Amino acid sequence: GAVVSQHPSWVICKSGTSVKIECRSLDFQATTMFWYRQFPKQSLMLMATSNEGSKATYEQGVEKDKFLINHASLTLSTLTVTSAHPEDSSFYICSARDNMNTEAFFGQGTRLTVV
Amino acid sequence: AQSVTQPDIHITVSEGASLELRCNYSYGATPYLFWYVQSPGQGLQLLLKYFSGDTLVQGIKGFEAEFKRSQSSFNLRKPSVHWSDAAEYFCAVDKGGGFKTIFGAGTRLFVKA
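Line order of the protein sequences matches chains A and B.
Mapping the first sequence onto our numbering, position 31 (from 1) lands on 31, and the numbers just tick up by one.
Mapping the second sequence onto our numbering, position 57 (from 1) lands on 57, and the numbers just tick up by one.
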């Protein structure tokens, strides 16, 4: 299957700072990328959907000004958690798909800890 | 709106015993269906998927799942569980063609010796 890489795998940041997480499709062009958040012992909750070159579509209850998503190229999407607070600590997972595949491919996730 | 229900929060099975994890979906048409496994602190691994055709789908690690349209179900099975199968299992659904994947709440599998 296709490969999606997330970076970093884990990050610790101070409260009030911003953190950027990258999601790259390594061997295909990702026309659509998705960002999920997973709290401990819970399921994956979709945060937003982004199409290359367009503004992201956020799910209800997700603050677009806090979670900035950029999908500027067909192989890269970034999620920036702005002014992070301890309650933003979570596991963030991206997925990507192209126009040909019937499924999305998932990155390995990023563990964010805000202290 | 489409949704996915995994009625069992956790299941405990003896090693060597058979396993069935339940999944029901709510969607007008036949969606694309998936089962993923997640070990603690790890990402997702795709076990199997159903798009169309044969309703019994074979996956990796000896898992299989059966799509039953009449019951809107896509239950995951394994004839003999190994201790290494202990993990969180997620059923997921999407409409295909670039649409978002929606996950069930997950079922935690415990395997006892």
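The hints are simulated quantities; they were obtained by calculation from the structure and are not laboratory data.
Note that the structure is predicted; figures quoted are calculated from it, not measured.
Heads up, some of the hints might be wrong.
[Claimed, not checked] The calculated DSS-like cross-link candidates involving lysine-lysine, where the alpha carbons are at most 27 Å apart (straight line), are:
1. Lys55/A to Lys95/B
2. Lys66/A to Lys41/A
3. Lys61/B to Lys20/A
4. Lys68/B to Lys95/B
5. Lys14/A to Lys49/B
6. Lys100/B to Lys41/A
7. Lys49/B to Lys41/A
8. Lys100/B to Lys64/A
[Said to hold, decoys possible] Computed beta-carbon distance windows for the label pairs:
9. Lys41/A to Gln45/B: 14 to 24 Å
10. Gly53/B to Ser15/A: 43 to 53 Å
11. Glu64/B to Ala2/A: 39 to 49 Å
12. Pro79/B to Thr17/A: 32 to 42 Å
13. Trp10/A to Thr5/B: 29 to 39 Å
14. Asn70/A to Ala17/B: 45 to 55 Å
15. Asp54/B to Pro40/A: 36 to 46 Å
16. Gln60/A to Arg108/B: 25 to 35 Å
17. Ser80/B to Ser83/A: 44 to 54 Å
[Said to hold, decoys possible] Below, a sample of chain B positions facing chain A; criterion: calculated Cβ distance under 10 Å:
18. Arg22
19. Phe34
20. Ala86
21. Glu88
22. Ala92
23. Thr101
24. Ile102
25. Gly106
26. Phe110
27. Lys112
Cβ atoms here follow ideal geometry from the backbone N, Cα and C, with glycine treated the same way.
Results for each hint:
Restraint check: the Cα-Cα separation between Lys55/A and Lys95/B comes to about 22 Å, which is no more than 27 Å; the hinted pair holds. The hinted pair formed by Lys66/A and Lys41/A meets the criterion: a straight-line CA distance of about 24 Å does not exceed 27 Å. Of the pairs offered as hints, the one joining Lys61/B and Lys20/A is violated, with about 35 Å between alpha carbons and a cut-off of 27 Å exceeded. Distance restraint check for Lys68/B and Lys95/B: the Cα-Cα separation of roughly 17 Å lies within the 27 Å cut-off, and the hinted pair is therefore satisfied.
For the hint pairing Lys14/A with Lys49/B, the CA-to-CA distance comes to about 40 Å; that exceeds 27 Å, so the pair is violated. A C-alpha spacing of about 22 Å is found between Lys100/B and Lys41/A, which places the hinted pair at or below 27 Å, so the restraint holds. Under the criterion of a C-alpha separation no larger than 27 Å, the hint pairing Lys49/B with Lys41/A is consistent with the structure, at around 24 Å. About 18 Å separates the Cα atoms of Lys100/B and Lys64/A, which keeps this hinted pair within 27 Å; it holds.
The hinted range of 14 to 24 Å is satisfied by Lys41/A and Gln45/B, whose Cβ atoms lie roughly 18 Å apart. The given range of 43 to 53 Å is respected by Gly53/B and Ser15/A, whose C-beta atoms sit roughly 51 Å from each other. Taking 39 to 49 Å as the suggested C-beta distance range, the pair Glu64/B and Ala2/A does not conform, at roughly 24 Å. For the pair Pro79/B and Thr17/A, the beta carbons lie near 50 Å from each other, so the given range of 32 to 42 Å is not met.
Taking 29 to 39 Å as the suggested C-beta distance range, the pair Trp10/A and Thr5/B conforms, at roughly 32 Å. Distance hint for Asn70/A and Ala17/B: a CB-CB separation of about 48 Å, consistent with the stated range 45 to 55 Å. In this structure the hint that Asp54/B and Pro40/A lie 36 to 46 Å apart at CB holds, the actual value being about 37 Å. About 27 Å separates the C-beta atoms of Gln60/A and Arg108/B, a value consistent with the hinted range of 25 to 35 Å.
Between Ser80/B and Ser83/A the beta carbon distance is about 50 Å. The supplied range of 44 to 54 Å therefore holds. Taken as an interface hint, Arg22/B does not check out: its beta carbon lies about 15 Å from the nearest beta carbon of chain A, beyond 10 Å. The closest approach between the C-beta of Phe34/B and any C-beta of chain A is roughly 7 Å, which is under the 10 Å cut-off, so the hint is satisfied. At about 14 Å, the closest approach between the beta carbon of Ala86/B and any beta carbon in chain A exceeds 10 Å, and the interface hint on this residue is violated.
Checking Glu88/B against chain A: minimum C-beta separation of about 8 Å stays under 10 Å; hint holds. A distance limit of 10 Å between C-beta atoms decides the matter here; for Ala92/B the minimum to chain A is near 8 Å, and the interface restraint holds. The beta carbon of Thr101/B is positioned within 10 Å of a beta carbon in chain A (closest approach about 6 Å), and the interface hint is therefore held. Contact between Ile102/B and chain A, as hinted, is supported at the beta carbon level, the nearest pair being about 7 Å apart and thus within 10 Å.
Because the beta carbon of Gly106/B sits about 5 Å from the nearest beta carbon in chain A, less than 10 Å, this interface hint is met. The beta carbon of Phe110/B comes no nearer than 13 Å to any beta carbon in chain A, farther than 10 Å, and the hint placing it at the interface is violated. Restraint check, Lys112/B versus chain A: the minimum CB separation of about 20 Å is more than 10 Å; hint violated.
Checked against the numbered hints given earlier, this structure breaks hints 3, 5, 11, 12, 18, 20, 26 and 27; the rest are met.
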